[in-house]
Amino acid sequence: DQQVKQNSPSLSVQEGRISILNCDYTNSMFDYFLWYKKYPAEGPTFLISISSIKDKNEDGRFTVFLNKSAKHLSLHIVPSQPGDSAVYFCAATEMEYGNKLVFGAGTILRVKS
Amino acid sequence: NAGVTQTPKFRILKIGQSMTLQCTQDMNHNYMYWYRQDPGMGLKLIYYSVGAGITDKGEVPNGYNVSRSTTEDFPLRLELAAPSQTSVYFCASSYSSGPSGNTIYFGEGSWLTVV
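Quick note, the sequences are listed as chains B and Z, same order. The numbering of the first sequence is my numbering, which starts it at 22 and goes up by one. The numbering of the second sequence is my numbering, which starts it at 215 and goes up by one.
For reference, chain Z alone in the conformation it holds in the complex (with noise of 0.2 Å):
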C-alpha cells in the first residue's frame, strides 16, 4: 500500500549544483502537488497539476522546475540550488479538485539542506 512515495528522503547539495525530488503515486489520482515547509512555518505550495501535461504554479515556484508526462509521476526540479531552498518537501495526490480534506494524500517528506 505505497499511497504516495518521494525519493530521496534525505539529500545535502552545495550551491549552484540541480536535482530532482521524485515523487509517485499508485492511486490514478489526477491531482498532483508539491509543497515546501520551511522551520516555524506552514507548508507553501510550488508547483501542482491537474493532469498528464498540464503543470502551474502555486505560490512559491521561483527555483523550481516540474513536469508531467505521466499520471503517476510528479517530478521538481532544482536549478542552481540556493540555501533559501533548504527545506522539507512535501508531495501530495488527490482524486478530486474539491476541497475535501481526506481525498489529498502526502508523502513523508523530502529534507534538503543547501550548503
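Just chain B, same shape as in the assembly (with noise of 0.2 Å):
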C-alpha cells in the first residue's frame, strides 16, 4: 500500500527546459513535503519542502506546487541543467510524527545537453 506514490520512473528533458516531476499520495493527514535529489553511490540530499499550509515554494531554479485536494504535488526545475540529471524522490510526513518520512518510488530525470 503506497502512500506516496511517483508514477513516472523516468524523464527526459532538454537543457535550458523545464523539468516537472509529480507525486500523488494517498494518507490525507500527511501535512509536510519534501523532494529529495540522490545521485549514484551517494545518500539523498534535501532540495526544497513545502508545508500543507502553502501551496507553493521557490528555491532558484526549483518551485514546488502542492495541491492538497488532489493530493498531488510536483517539482519544477526551471531552467533544467545537466548536473540536474539524478534520481528525485517525494517525501511526505504528519508534522507531529517528525522525521519519519514515506518515500516514493524515485524519478530518475536525465537533462540532455
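Just so you know, these hints were derived from the structure itself, not from any lab. Mixed in with the good hints, there may be bad ones.
Label-pair ranges, simulated between beta-carbon atoms [unchecked claim]: (1) B:Pro-100 with Z:Ile-268: 29 to 39 Å; (2) Z:Met-241 with B:Tyr-60: 32 to 42 Å; (3) B:Asn-78 with Z:Thr-219: 30 to 40 Å; (4) B:Ser-72 with Z:Lys-223: 45 to 55 Å; (5) Z:Gly-265 with B:Ser-72: 39 to 49 Å; (6) B:Pro-61 with Z:Met-241: 31 to 41 Å; (7) B:Asp-76 with Z:Met-255: 41 to 51 Å; (8) Z:Glu-273 with B:Pro-61: 16 to 26 Å; (9) B:Ser-90 with Z:Ile-268: 30 to 40 Å; (10) Z:Ala-296 with B:Pro-100: 27 to 37 Å.
These figures come from a predicted structure and were not determined experimentally. Here a beta-carbon is modelled for each residue, glycine too, at the ideal position from N, C-alpha and C.
Each chain sits in its own coordinate frame; assemble them with the hints.
As C-alpha cells, then:
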C-alpha cells in the first residue's frame, strides 16, 4: 500500500527547458512534503520542502507546488541543467511524527545537453 | 567534514549469517534513522532513535535490531540474514524532530546482498 506514489519512473528533458516531476499521496494526514535528490552511490540530499498551509515554495531554479484537494505535488526545475540529472524522491510526513518520512519510488531525471 | 559515515559500503552475506552495519555521525544529532531502499522502491524506515538509549520501530523492522548506546553511533544488526534483506541501507541523522528537511543528513549507503 504505497502512500506516496511517483508514477513516472523516468523523465528526459533538454537542457534549458523545464523539468516537471510529479508526486501523488493517499494519506490525508500528511502535512509536510519534501523533495530529495540522489546521485548514484550517494545518499539522498534535501532539495526543497513545502508545508500544507502553502501551495507553492520557491528556491532558486526549484519550485514545489502543492494541490491538497488533489493530493498532488510537483517539482519544477527551470531551467534544467545537465547537473540536475539524478533520481528525485518525493517524501511526506505528518508534522506530529517529525522526520519519519514516507518516500515515493523516485523518478530518474536525465537532462540532455 | 565527515557527517554521517556508514560501514561497510558493500557486503555479501550467506543466508543465515549475521552482521552489523555501522553508522556514526559527528554532528551531535539526537535523532538517527535507518532506511532501506529496494530496487525501484522508495526508502522505507526500519528503526529510529530519538537519543541515546531510546529506539523505536519504523515501517519495516522485522529481521533487524538496533541499539543506541552513544549519541554518535547507531548500529543496525541483521540476525539470520535472508534474501529479502538484499537492499541498500541508508543511515541518517537530524538535530530536531521537526520535518524541516534540510536538517536530515544521509550517509552514502551500504549495499548488502544475501545469497
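ask   = Which hint numbers does the structure go against, in order from smallest to largest?
value = 1, 2, 4, 5, 6, 7 and 10
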